[in-house]
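Guided by the hints, dock chain B with the ligand onto chain A, whose structure is given.
Here's the letter readout for the chains.
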Amino acid sequence: MTCREFLDYIGAYLSGELSEAECRELRVHLDVCSQCVDYLDSYQQTIRLSKIACCADSDPVPGDVPEDLVKAVLAAMKQRPIERA
Amino acid sequence: MIAHPTSSSGPAAEAHDDAELLGELRAGAPAAYVALMRKHGGRMLAVALRYLSHENEAQEAVQDAFVSVFRAVGDFKGDSRLATWLHRITVNAALGILRKKKRLERETSIDALLPKFLPDGHRDSPEGAWAQERVQELEKGETRRMVREAIGKLPEIHRTVLMMRDIDEFSTEETGRLLGIQPNAVKARLHRARQALRTLLEPHCRGVCP
Ligand SMILES: [Zn+2]
Chain A
457 MTCREFLDYI
467 GAYLSGELSE
477 AECRELRVHL
487 DVCSQCVDYL
497 DSYQQTIRLS
507 KIACCADSDP
517 VPGDVPEDLV
527 KAVLAAMKQR
537 PIERA
Chain B
6 MIAHPTSSSG
16 PAAEAHDDAE
26 LLGELRAGAP
36 AAYVALMRKH
46 GGRMLAVALR
56 YLSHENEAQE
66 AVQDAFVSVF
76 RAVGDFKGDS
86 RLATWLHRIT
96 VNAALGILRK
106 KKRLERETSI
116 DALLPKFLPD
126 GHRDSPEGAW
136 AQERVQELEK
146 GETRRMVREA
156 IGKLPEIHRT
166 VLMMRDIDEF
176 STEETGRLLG
186 IQPNAVKARL
196 HRARQALRTL
206 LEPHCRGVCP
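Going down the list, the sequences are from chains A and B. The opening position of the first sequence corresponds to residue 457 in my numbering, with each subsequent residue numbered one higher. The opening position of the second sequence corresponds to residue 6 in my numbering, with each subsequent residue numbered one higher.
Hints are computed from structural coordinates only; laboratory data are not their basis. Check before you lean on any hint, since a few could be wrong.
Partial list, computed: chain A residues near chain B (C-beta under 8 Å) [said to hold, decoys possible]:
#	residue
1	L463
2	L482
3	T502
4	P522
5	L530
Backbone N, C-alpha and C define an ideal beta-carbon position, used for all residues, glycine too.
Pulled out of the complex, with its shape left as it was, chain A reads as follows (with noise of 0.2 Å):
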């Protein structure tokens, strides 16, 4: 296995995609590669930033909404009430 082909694979092997055959391969090459393994670290840290970054309980409270949105909101509702039946 080319390092090429290890990243190719990465997605697919850390969303439990692959074969046990395949995984094994992957495993053969990490154990020879510290170049690959350092990738696939950073790879995981990527994934974990990008969650961190949007979703975090510590974000602050998102400013309140805007009064002409409420406004259209209202408006569009009234044009075209809830059928009941």
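Leaving out everything else, chain B with the ligand in the frame of chain A:
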């Protein structure tokens, strides 16, 4: 009584407020519409802004989302949290605007951000391991903005797939269905998006020479 935004504290209180609010929404009470928009609108705007990058488009998306919500409130089963349901409808409304403006069809090449290889399959100039303390820095308040900005630099379709899969936790199948692409195309784009984002974060995360 309309649940007031500040009356919530903790998930139990929130569930109670939401149940009360839902009952009033189903009855079509305009005051309940306003209460829901004031309570959840800010967060929904932040979500829409991630997908659309323009404040006015994000507002358009949230406006569409609320109209869908109020029309479909009778269908809401209550098997997920109200906030989760609103979140998904917001993403959907944002995708609607991306589709309308044909932004997802733009073929911007991501190749420059993907790893390069030598003819023998080894990586061309690998950068080395990321330093733990540099990564930790990006987890903190102010510097998390850098990660968001890096996500914002990805081509539209790749950014959208990455956010739907890795951040908003839509399944591969659902992402494909909503974007009108095959599940394999979702996987391929997600992989490329993560690799490109990794490239953009790399200069910050690598241990720098003293
Ligand atoms: Zn390798």
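Here is how each hint holds up against the structure:
A cut of 8 Å between beta carbons decides the hint on L463 (chain A): the least distance to chain B is about 6 Å, and the hint holds. Taking 8 Å as the C-beta cut-off, the interface hint given for L482 (chain A) is violated, the closest approach to chain B being about 14 Å. For T502 (chain A), the suggested interface contact is upheld, since its CB lies about 4 Å from the closest CB of chain B, less than 8 Å. Because the closest C-beta pair between P522 (chain A) and chain B is about 7 Å apart, less than 8 Å, the hint holds.
Because the closest C-beta pair between L530 (chain A) and chain B is about 6 Å apart, less than 8 Å, the hint holds.
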